[in-house]
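Peer 1: Listed below, chain by chain, are the residues.
2 protein chains.
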Amino acid sequence: MRDVAIIGVGYTKFGEMWGRSFRDIMIEAGLEAITDAGIEGREIDAMYVGNMSGGRFIAQEHVSALIADYSGFARDFHIPATRVEAACASGGLAVREAYINVASGLHDIVVAAGVEKMTDIGTEMTADVLASASDREWEGFSGATFPGLYALIANYHMHRYGTTREDLAEVSVKNHNNGSLNPKAQFRNRISIETVLNSPLVADPLRLYDCSPITDGAAAVILAPAEVAKKYTDTPVYIKASAQASDTIALHDRRDIATLDATVFASKRAYKQAGIKPTDVDVAEVHDCFTIAEIVAYEDLGFCRKGEGGMLIREGVTAIDGDIPVNPSGGLKACGHPVGATGVKQVAEVVLQLRGDAGKRQVDGAEIGLTHNVGGTGATAVVHILSR
Amino acid sequence: MRDVAIIGVGYTKFGEMWGRSFRDIMIEAGLEAITDAGIEGREIDAMYVGNMSGGRFIAQEHVSALIADYSGFARDFHIPATRVEAACASGGLAVREAYINVASGLHDIVVAAGVEKMTDIGTEMTADVLASASDREWEGFSGATFPGLYALIANYHMHRYGTTREDLAEVSVKNHNNGSLNPKAQFRNRISIETVLNSPLVADPLRLYDCSPITDGAAAVILAPAEVAKKYTDTPVYIKASAQASDTIALHDRRDIATLDATVFASKRAYKQAGIKPTDVDVAEVHDCFTIAEIVAYEDLGFCRKGEGGMLIREGVTAIDGDIPVNPSGGLKACGHPVGATGVKQVAEVVLQLRGDAGKRQVDGAEIGLTHNVGGTGATAVVHILSR
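The listed protein sequences derive, respectively, from chains G and U.
Read the first sequence against this note's numbering and you will find it ends at 412, with the numbers running on by one and no gaps.
Read the second sequence against this note's numbering and you will find it ends at 412, with the numbers running on by one and no gaps.
Derived by calculation from the structure, the hints in this document are not laboratory data.
It cannot be assumed that every hint is accurate.
Given that identical chains are not distinguished, each listed pair holds provided it fits within a single copy or across any two copies.
In the DMTMM-like style, the derived pairs of lysine to aspartate or glutamate whose C-alpha atoms are separated by at most 20 Å in a straight line are [stated by the list, open to error]:
1) K301 x D48
2) K255 x D27
3) K296 x D132
4) K384 x D132
5) K330 x D27
For clarity, every value in this text was computed on a predicted model and none was experimentally measured.
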């Protein structure tokens with residue numbers, strides 16, 4: 025297996041883009057990444073696309089071919105173009121498959137893209153589409169929505185470890201603060217603890233400001249063999265590890281509902297491949313689909329011991345100027361969560377951080393970065409470790 | 025890249041399985057493949073699942089995690105499990121991704137699975153789900169169904185090359201004849217030319233018997249490094265080539281609507297990788313979603329020159345005892361077409377042929393086999409070449 029580098033990244037502004045189509049936003053992100061890499065379209069050997077539910081959001085499956093076509097790569101070069109899906113972890117898997125392609129020597133230049141257009145259908149149906157990431161027969165059909173499932177995790181975590189309602193709110197406050205520094209974030213408003221605590225209850229104890237939003241957006245990163253990366257860019261970022269793990273899809277089948285074992289296994293595999301410890305991570309983009317998810321991620325990624333996630337946010341360890349800055353982009357909460365795009369955007373964001381190109385949200389001197397992308401309540405987790 | 029072998033295969037009976045669920049049929053096919061390979065679950069390193077539209081057919085995305093879970097591989101081993109999708113080519117892509125994983129050295133034992141449960145929703149909606157494989161904005165929303173799109177191909181082929189209505193019917197007669205020999209086929213009734221010609225018109229010139237049916241079914245194949253394959257089986261079948269290509273998703277954008285360039289490019293790449301010529305192929309399972317698709321496939325795969333596909337079926341060249349037997353399983357037309365499963369079942373079927381285990385539909389002395397799986401009207405094509 026060859027070493028692999030990322031030579032170009034791009035992502036659209038995230039938000040509700042009523043006037044733009046799925047194909048428009050995907051092409052915008054792809055062009056930004058291609059321009060960033062300074063490559064020409066004909067150099068691209070293959071493409072992977074992360075997308076959760078084009079079938080239901082825009083009545084379109086086969087989106088890999090659609091995007092290859094609208095990029096001009098289908099008719100001109102007939103490149104392989106493959107969609108991968110594992111709910112909200114679809115983007116992370118696109119990066120992983122692209123990585124495997126390049127690492128194997130099969131292809132040289134491979135695009136990993138992610139896209140979701142979520143606002144073209146009504147909100148009620150959106151909740152049901154998202155419920156298709158859970159075990160439909162045991163969870164979705166019984167009325168369990170994603171806020172409901174994560175509320176179970178939150179309640180148990182609070183009961184068992186003493187995590188407080190305020191700890192959850194602090195995650196949202198931090199990520200909104202970070203989002204205010206990111207011109208591409210969906211929400212750029214700074215908020216207070218009270219904003220969260222006084223927001224409408226969604227699924228006790230989770231309130232509106234504990235939940236990531238419904239978002240349109242697309243992201244793309246371009247991978248190349250490490251040995252030629254310097255030909256394209258002065259600042260390649262290397263993929264030191266790519267790991268993926270699964271767990272039961274239904275929450276009730278887990279050994280512990282407050283632990284995402286898929287995150288535990290994926291991150292352990294990633295740390296081993298990269299030869300680093302969790303404390304070596306300088307910046308991380310983690311899957312904060314709900315505030316509780318970020319606290320649980322701290323623990324399952326090994327940033328602290330089990331049950332201490334609340335303390336980490338309380339003590340500012342994960343703030344942008346803390347020891348392990350988490351979600352400087354604003355995370356899913358404030359930057360937004362176009363589900364299939366999120367895992368790719370996380371990688372794009374960490375690349376910007378490691379290059380020193382993250383503008384006002386730049387983490388000082390970041391050399392090693394981690395991305396953590398979760399499908400559903402954790403039946404799939406994908407972890408990447410990147411370095412300068 | 026290492027050489028790769030297939031050490032186990034399985035597929036369910038294809039048909040309308042009202043009393044069985046998506047997860048039931050997938051587990052049945054997987055168990056059959058595992059039993060066939062003589063491996064234990066804990067030996068499996070990763071899984072790829074081809075599925076076109078779980079989101080719309082059964083309101084379930086994230087099916088890779090679901091299947092890993094119900095196989096016991098998620099909770100016990102936390103294996104990577106990834107869904108791939110390119111409409112009706114999803115199964116072929118699952119085999120291809122599994123192949124890349126093993127060839128790269130990343131994993132040793134990898135399952136490629138494919139599944140579709142199509143009969144749990146009404147027929148009218150099924151046509152619309154299938155239309156999501158086309159360019160929704162230019163084709164589906166304008167009312168172009170798949171029979172309609174393939175009818176355009178058929179009309180042009182008949183006009184340009186003199187292919188006759190009877191040639192199309194002969195494909196259906198051949199595949200029904202083959203299906204009658206396959207205990208797992210959806211349709212086991214032999215038919216005559218008149219059956220096809222007198223069947224209801226669907227989209228002129230295509231009639232009911234020109235169209236593959238709506239089918240439930242699942243298939244699985246198990247891949248291993250070639251160097252250890254003999255440890256598991258006396259009859260490994262080797263993957264000599266795996267190739268994939270894309271084309272414009274909308275038919276009207278093609279240079280020639282009677283040619284599937286994705287098939288042309290994928291098969292050329294595959295022949296090159298395998299170091300063989302089209303005439304070296306002893307048995308093929310090709311994508312006969314409509315009778316015209318099989319005739320066009322003959323040409324685009326290089327079994328004959330462009331325009332001569334009608335002659336091939338007329339002269340019996342592709343009959344089970346012909347020079348290049350095509351679709352001895354009954355093909356999509358008679359064996360059935362559970363869209364995400366089809367590409368995997370094609371590979372499973374060719375493995376049975378090359379082993380000499382294909383029962384009454386056995387092709388004498390087959391040593392080299394080819395599979396050809398198409399997404400939509402040919403925006404994606406996947407070709408595998410297998411050998412004893």
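Peer 1: Sort out which numbered hints this structure fails and list those numbers smallest first.
Peer 2: Those not satisfied are hints 1, 4 and 5.
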